[in-house]
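Undergrad: Each chain, written out:
2 protein chains.
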Amino acid sequence: MMSLKMNGKEGSFGIKISSNEGKLPETRNKFKVWMYKIWEFAKEDINRVTFSLKVGLAVLLVSLLILFQAPYQVFSTSIIWSILTVAIMFEYTVGATFHKGFNRVLGSLFAGVLAIAIAELALMSGPVAEPIIIGISIFIIGSVTSFMKLWPTFVPYEYGFRVILFTYCLIIVSGYRSGNPIRTSIERLYSIAIGAIIAIAVNTLIFPIWAGEQLHKELVKSFNSVADSLEECVNKYLSNDGSDHSEFTNTLMDEFPDEPQYKKCRSTLNSSAKLESLALSAKWEPPHGRFRHLFYPWSEYVKVGAVLRYCAYEVMALHGVLHSEIQAPYNLRSIFETEISEATNKAADLIRCLGKDICDMKQTIKSTLVRSVRSSSERLQRAIETHAYLLASSYQLSDHNSSIPLPINGFSKSNQLAEFKRENEEEGEMNSQRILSVSWESTAALSLATFTSLLIEFVARLDHLVEAVHHLSQMAKFQHENLNIFLLPIEEFNFNSMAIELKIY
Amino acid sequence: MMSLKMNGKEGSFGIKISSNEGKLPETRNKFKVWMYKIWEFAKEDINRVTFSLKVGLAVLLVSLLILFQAPYQVFSTSIIWSILTVAIMFEYTVGATFHKGFNRVLGSLFAGVLAIAIAELALMSGPVAEPIIIGISIFIIGSVTSFMKLWPTFVPYEYGFRVILFTYCLIIVSGYRSGNPIRTSIERLYSIAIGAIIAIAVNTLIFPIWAGEQLHKELVKSFNSVADSLEECVNKYLSNDGSDHSEFTNTLMDEFPDEPQYKKCRSTLNSSAKLESLALSAKWEPPHGRFRHLFYPWSEYVKVGAVLRYCAYEVMALHGVLHSEIQAPYNLRSIFETEISEATNKAADLIRCLGKDICDMKQTIKSTLVRSVRSSSERLQRAIETHAYLLASSYQLSDHNSSIPLPINGFSKSNQLAEFKRENEEEGEMNSQRILSVSWESTAALSLATFTSLLIEFVARLDHLVEAVHHLSQMAKFQHENLNIFLLPIEEFNFNSMAIELKIY
Chain A
0 MMSLKMNGKE GSFGIKISSN EGKLPETRNK FKVWMYKIWE FAKEDINRVT
50 FSLKVGLAVL LVSLLILFQA PYQVFSTSII WSILTVAIMF EYTVGATFHK
100 GFNRVLGSLF AGVLAIAIAE LALMSGPVAE PIIIGISIFI IGSVTSFMKL
150 WPTFVPYEYG FRVILFTYCL IIVSGYRSGN PIRTSIERLY SIAIGAIIAI
200 AVNTLIFPIW AGEQLHKELV KSFNSVADSL EECVNKYLSN DGSDHSEFTN
250 TLMDEFPDEP QYKKCRSTLN SSAKLESLAL SAKWEPPHGR FRHLFYPWSE
300 YVKVGAVLRY CAYEVMALHG VLHSEIQAPY NLRSIFETEI SEATNKAADL
350 IRCLGKDICD MKQTIKSTLV RSVRSSSERL QRAIETHAYL LASSYQLSDH
400 NSSIPLPING FSKSNQLAEF KRENEEEGEM NSQRILSVSW ESTAALSLAT
450 FTSLLIEFVA RLDHLVEAVH HLSQMAKFQH ENLNIFLLPI EEFNFNSMAI
500 ELKIY
Chain B
0 MMSLKMNGKE GSFGIKISSN EGKLPETRNK FKVWMYKIWE FAKEDINRVT
50 FSLKVGLAVL LVSLLILFQA PYQVFSTSII WSILTVAIMF EYTVGATFHK
100 GFNRVLGSLF AGVLAIAIAE LALMSGPVAE PIIIGISIFI IGSVTSFMKL
150 WPTFVPYEYG FRVILFTYCL IIVSGYRSGN PIRTSIERLY SIAIGAIIAI
200 AVNTLIFPIW AGEQLHKELV KSFNSVADSL EECVNKYLSN DGSDHSEFTN
250 TLMDEFPDEP QYKKCRSTLN SSAKLESLAL SAKWEPPHGR FRHLFYPWSE
300 YVKVGAVLRY CAYEVMALHG VLHSEIQAPY NLRSIFETEI SEATNKAADL
350 IRCLGKDICD MKQTIKSTLV RSVRSSSERL QRAIETHAYL LASSYQLSDH
400 NSSIPLPING FSKSNQLAEF KRENEEEGEM NSQRILSVSW ESTAALSLAT
450 FTSLLIEFVA RLDHLVEAVH HLSQMAKFQH ENLNIFLLPI EEFNFNSMAI
500 ELKIY
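Chains as they are written, first to last, in numbering that gives the first Met the number 0: chain A, 0 to 504; chain B, 0 to 504.
None of these hints come from the bench; they were simulated from the model. Fair warning: this is a prediction, and the values are worked out from it, not measured in the lab. Heads up, a few of these hints could be off.
In this list, chains with the same sequence are indistinguishable; a pair is considered to hold if it fits within one copy or across any two.
Said to hold, decoys possible - Under the rule of at most 35 angstroms between Cα atoms (straight-line distance), these lysine-lysine pairs were calculated in the DSBU-like manner:
1) LYS282 - LYS31
2) LYS302 - LYS29
3) LYS302 - LYS235
4) LYS235 - LYS282
5) LYS361 - LYS31
6) LYS365 - LYS29
7) LYS476 - LYS29
8) LYS235 - LYS31
9) LYS42 - LYS263
10) LYS355 - LYS42
11) LYS262 - LYS216
Bound conformation, chain A alone (with noise of 0.2 angstroms):
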């Protein structure tokens, strides 16, 4: 993704050196783009120099205990252990540098604590035993760490555990040469929790990088995204007059250079690993900036993700008919598009809405909305109902069709099956292809009506997400604009009378 933004960013500044400078030799424009792209990398996103920065001047401090005269007297050569330590832990946002010190911090207390007492038992054991002791416990310190890091519980923590069996090895093995197993584990706990303190006190208090605000960014920017690909789609579609069918090889390689949005959503779609990493390290954030209290529903965002997750798909489905083989023709899209354009536009308006709502942190009465999403909806039904006939294209077919009971039942429908095969087969390849021609023209029409079904579906499956994100607004006590009635009750929703109407009829 990021690879082709910056193709692109290439092309575009390949044009500017031309004109500018176009006399540079070969070898200095390309060291210039160069420059340039990186430029462009760090310009599309600050935090990322300042990351950069941070990690400099966190080493830098570190070193500083050991080249100046006073600090190295006092700790000596174990402070190199600290510079290992802040290189390790110092990750790009506050929480995840929280998370890993925390597994380090811990593992090495408890690889420190095991690996004493083990020393202690083995040193009484007399100094046959005593390296004997040592290597079996290595092998199932080993071993256990090693299984219980694949636990799927325990899996975030999988620094933890290689972090409390290489302490262990460490101390336990340096402290046999050394003779003071507890000398070695304390020198080598100071020396970790110096550089824990500069790793989370440079990434903490200097520009801080919080995976919180990345997280709440991140679900804003899939709000958009899923919004704008909905619009792209639905607006390609109703454009579209069937003159250019996409081609096969374009759909095998889910690349659709004029569909920008696609891209997004389709990442949207695989953003699921993302937003959990991220709202693993946020749950290790203070209170920090706009998130002020403390136990946020961090976890409520993943939800929320899932849930719009679950709308995309019906894009990437709405997506799949925009360029199928078998296409509506443009005059029949064309009776639609008024009310499909409407729901689709006021679909898209209560996504950016909800999006909106929470990148401002607020909670405002969506109910207007909502039943102008749904009215669109019942609208859009209602044109597809009445023009039912035209989707169907039943009159084309009436010759064979006329004479044949209403009833719904398959006794009649293999009747008429048999047919039709008996016809198809009787008559010549000119008249087969005559009907299988009026059959795709058919068929075709019903490619509007999977268009609008899917339409709807995703204009019922808003209601998860408008739920969803009510939840997390409460959770999460964003302002309320106003006090008024903020939702309508779910009950209220047509579709769900409309089922139970339909049950009863």
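Add chain B to chain A, keeping to what the hints say.
TA: Below, chain B without anything else, positioned relative to chain A:
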């Protein structure tokens, strides 16, 4: 996913215990349940145990270098770096270990050379400037490596940049204190090399777990998941008599306890990251087992996975129709039961056949199967066409519509809509409800059209899948079962010719 599976097992075990050893005290019982869970977890994939024991063995081997007197005298205390290397490098699969080892060794080498150069430079510039130069260089290395690892191309080598950073700091700082940076670097490289050799030897020679094998199995599993979930979804659709509408809450949580395959299909949708990381690791592996030739096309597996995911989106959409609010009546569904079942079973068979071919690394002739899938899909289309009048239920509105001229244009439709609305407003609520319920009955019938359209689109997408698998099997030189024509050319696919006919018509 895994935890869910285990919950299921816990349940079944609970029953087992109460029948066999019901008199055990509660705590002991819990401990046994816990042990049983671990046992089941290990049995589920025996590689987990192998991996754990191998880690134990590797750290034991490297510790022996210190525990025995002879090697310790040769290597002295710097050997502890070997322990660190083993603990950090040892990954689950051979490929991942190679990948991490490459990062570690190359990073250390680069950092070592750079550190020696800068240290010599600093040494020459006198005792005052030396710590300043070292400090500045540490800051620059910290910032540059951190920035570079954010660059999309370098993201897989993130660990390498981390290694460069801390190795550089460690060597230059301890070189400054010991006054001999070259000796420090060489000792460190020695130790790292020993650790790396032990880690790789144990990982590769003793019951190796190949990332390639895992990737291969994972892809085959995905094929079966998609086939199973397709069949499950369609069978449920056909057997569902409409009486048990799924609850909104169920849909919201995406949890359908009676649809085990649906979960698997969803996990297939989220498997892209897993496949990509396995393919990245597999590229580092030497030819092994069944994958005997160099440069085996592991990246093709990722591509086939992407095309399969593209098919799985349609299954998700089918699933959406299955659980949507408005449902086609059961008797209407049953009309098309034969055709829908046939198309589904044929499609599922084809997917399973493709999966089996990959599994067995064979190229079998699928033309008969492909043709039969296509013809079953055509039969379904024809059936839909023949019964289009049932789907649209236009007869129910014949009072309103019979007088409306057939030509398709927006004008007559708006007239009709206006008329419809007028009626709707003028007449009482009862009447409007009647009209609405007629309306929804018709829309309900159209939902069957949606379902079948999606199924037909799914079949159309299988073509891409056949093509992708064919490409993979050629790249990977799968064995030919025999030498007849492997596939129908894409042009023969009737959808295409029909689409063309449509345009002409």
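Undergrad: It remains to establish, for every hint, whether it holds in the given structure.
TA: Consistency of the hints with the structure:
Taking identical chains as interchangeable, the C-alpha atoms of LYS282 and LYS31 lie at most 35 angstroms apart only when they sit on different chains, with a minimum of 33 angstroms there against 42 angstroms within one chain. Within a single copy, LYS302 and LYS29 get their C-alpha atoms only as close as 46 angstroms, which misses the 35 angstroms cut-off; across copies the closest is 32 angstroms, which meets it. With identical chains, the CA atoms of LYS302 and LYS235 are at most 35 angstroms apart both within one copy (31 angstroms) and between copies (27 angstroms). Taking CA atoms no more than 35 angstroms apart as the test, LYS235 paired with LYS282 passes in neither setting, with 41 angstroms inside one copy and 40 angstroms between copies.
With identical chains, the CA atoms of LYS361 and LYS31 are never at most 35 angstroms apart, being 45 angstroms at best within one copy and 50 angstroms at best between copies. Taking the closest pair of Cα atoms, LYS365 and LYS29 never come within 35 angstroms of each other, the shortest separation being 52 angstroms inside a single copy and 49 angstroms across copies. Neither within a single protomer nor between protomers do LYS476 and LYS29 lie at most 35 angstroms apart by alpha-carbon distance, with minima of 52 angstroms and 39 angstroms respectively. Proximity of LYS235 and LYS31 under a CA criterion of 35 angstroms is satisfied in neither setting, with 38 angstroms inside one chain copy and 61 angstroms between copies.
For a Cα distance limit of 35 angstroms, the shortest separation of LYS42 from LYS263 inside one copy, 21 angstroms, qualifies, whereas the shortest one across copies, 41 angstroms, does not. Taking CA atoms no more than 35 angstroms apart as the test, LYS355 paired with LYS42 passes inside one copy only; the shortest distance there is 25 angstroms, against 49 angstroms between copies. For the homomeric pair LYS262 and LYS216, the shortest alpha-carbon distances inside one copy (18 angstroms) and between copies (29 angstroms) are both at most 35 angstroms.
Of the hints listed earlier, those the structure fails to meet are numbers 4, 5, 6, 7 and 8, in rising order.
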